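What follows is the residue order along each chain.
Number of protein chains: 2
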Amino acid sequence: MQKGKASLCLEHPAYIIGMASVAGKKEGEGPIGSGIDVVEQDPMFGADNWEQAESAMQKQAADLALEKGDIHRRDIRYLFAGDLLGQLIATSFGTVDLEIPLFGLYGACSTIGEALSLGAMCIDGNQADKVMAMASSHYATAEKQFRFPLGYGNQRPKCTTWTVTGCGALVLSGQGSEDQVKITGITTGRMVDMGAKDSMNMGAAMAPAAWDTIMQNFKDFGVDENWYDQIITGDLGEVGQKILLDFMKNEGHDLTGKHTDCGLHIYDNQKQDTHSGGSGCGCAAVTLCAWILPEMLKGTWKRVLFVPTGALLSTVSYNEGQSIPGIAHGVILERKKRS
Amino acid sequence: MQKGKASLCLEHPAYIIGMASVAGKKEGEGPIGSGIDVVEQDPMFGADNWEQAESAMQKQAADLALEKGDIHRRDIRYLFAGDLLGQLIATSFGTVDLEIPLFGLYGACSTIGEALSLGAMCIDGNQADKVMAMASSHYATAEKQFRFPLGYGNQRPKCTTWTVTGCGALVLSGQGSEDQVKITGITTGRMVDMGAKDSMNMGAAMAPAAWDTIMQNFKDFGVDENWYDQIITGDLGEVGQKILLDFMKNEGHDLTGKHTDCGLHIYDNQKQDTHSGGSGCGCAAVTLCAWILPEMLKGTWKRVLFVPTGALLSTVSYNEGQSIPGIAHGVILERKKRS
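Chains as they are written, first to last, in this note's numbering: chain A, 1 to 339; chain B, 1 to 339.
In case anyone wonders, no lab produced these hints; they're calculated from the structure.
Please read all numbers here as calculations on a predicted model, not as lab measurements.
Some clues are possibly wrong.
Identical copies look the same in the list; a pair holds intra-copy or inter-copy alike.
[What the hints assert, rightly or not] Below 25 Å or equal to it, Euclidean Cα-Cα: the simulated DSS-like pairs (lysine-lysine) are: (1) K336 with K219; (2) K197 with K219; (3) K298 with K258; (4) K144 with K336; (5) K242 with K258; (6) K197 with K144; (7) K5 with K68; (8) K298 with K242.
Given the sequences, and given the hints that come with them, work out the whole structure.
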């Protein structure tokens, strides 16, 4: 059912019946490391280069999500997937062997939100029984593409985030039990450009988009922060979170204690030298599979607004003096009836 | 309704109620030039650089599609859009002002097929009343990203295609008249990698994907080439078409007279020195708006299988010695009942 300007309340919710996360050593050593299914010690994942490593991670996460959910590959009707790289290199090569019809997505670090939204719409519309949503990033492929070659060992400002080496894959189905977490609604983000121009400060570029999507969600559903047990953004980090909370407060919404960010959980920023926090498509995707959903299954939260955030940074447009627009996609996760 | 492995027969078809094409001078001088809504003589579209030029083209095509269809921007619920560039630069900046919730897509030159498929699914599932599908490419942004700086004036082998400077935008709606063309079914492609490694021969990289999707379409719907008045691929060009026809013949399907390719219509390859044909996201998108749909509206064809094709070429993976996988998305276009 269409809600307001940009949201859908799903008449047929999409149950999350399978999920898996694969990540690197650093992520494994972080606070949610014990929840990650596979922590690979070799950053090359046995491949010849970083891009192939990221593809290998996608393949592994997809296979594991199927295995954990006891689902056969041929039962997945569509795959909604993407990564951070130009021409979706990781996804292109990572999904060839799956032989599943693919919708390639680019939403920068918000990709898992875009994939879950489209996947859930597809389930809601009875156009598939089961679909997979997947997104990945790799520290080395992202640094190589967006910033400096790793060999330079350049110094990173304190406001930077650390791109997560990781992949999260989830299987959605129209059939499930009330014990499982389900997607009951979505709020689709639009491009938001407030003129941020610092490629080392992605949190500042994305916070306005997160604010825009959360406010739209409140408006479309006629709710506020009290309707949710937790609102969790993707990879704003410390810098971006502060901006979001300020923006929300200006609108009369105090999210203190109600908001957190995947980028603040995947690493211990103090101990792991990750500055403002984690980022990348893998940040929200891995944190969802390794921490948010497990917490919901434990009963910690019954209703979560999950808002992966993306910064449309491109070295081409950036070097041409353009700003960095952001986008954020909201996904409502629920488990059991709220008392 | 789900059909076979990868197809949907839409219970609620998506009517194409608005469409517009904007393209460059060379496209305007080609065989379908008179059908292009706006032929811009300035390849910079009044902007400061090629990327901004492509963004300007997207903005112009979107606005014109709305204007031609007498539709207000606020009535478009979702936008499904993409381009060829890393991080979807053209789309990111081209759609900011539209303020429409956006699903960013990357399907290389198949993007308009992916956008129309997802848009039609959204209409079919009653999740939107109206959506927009859009895709663009620009000769100069694409050459810069994928091949050589234009200033080099390098020689192009005969098998290369010429990236179209153009954008096509279409508005889909659940409400329409039988005089309008509607999308009645889709067949979603998967990644197909037959090991093509020549970045100057995109037709060869994509033909196997087109073959795979057309064969899947025939199987899923229980039909063959006779069910269609025409099967039109995206940008295989002369080289790719030959491969596709050979592959189809091997399966017992003679497409002679039944198949053509957008890349063979947008330019006069002999006179315009475009070698194997046109290519790029804009090739299929502009040809659809400027030629295929007008021909259907004139009554030339009643049922067309439109199959935009994409080659997942990346300079990074290519230079790492990887092959170039392809993908193709099938969209069934129909007008009035077939007698």
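Results for each hint:
For a Cα distance limit of 25 Å, the shortest separation of K336 from K219 inside one copy, 24 Å, qualifies, whereas the shortest one across copies, 41 Å, does not. Within a single copy, K197 and K219 get their C-alpha atoms no closer than 29 Å, and across copies no closer than 50 Å, so neither meets the 25 Å cut-off. Proximity of K298 and K258 under a CA criterion of 25 Å is satisfied intra-copy only: 18 Å inside one chain copy versus 58 Å between copies. In this assembly of identical chains, the alpha carbons of K144 and K336 never lie at most 25 Å apart, being 43 Å within a copy and 52 Å across copies at closest.
Taking the shortest Cα distances, K242 and K258 sit within 25 Å of each other inside one copy (13 Å), while across copies they are farther apart (60 Å). In this assembly of identical chains, K197 and K144 lie within 25 Å of each other by CA distance both inside one copy and across copies; the values are 20 Å within and 23 Å between. With identical chains, the CA atoms of K5 and K68 are at most 25 Å apart between copies only, with a shortest distance of 23 Å across copies and 37 Å within one. With identical chains, the CA atoms of K298 and K242 are never at most 25 Å apart, being 29 Å at best within one copy and 58 Å at best between copies.
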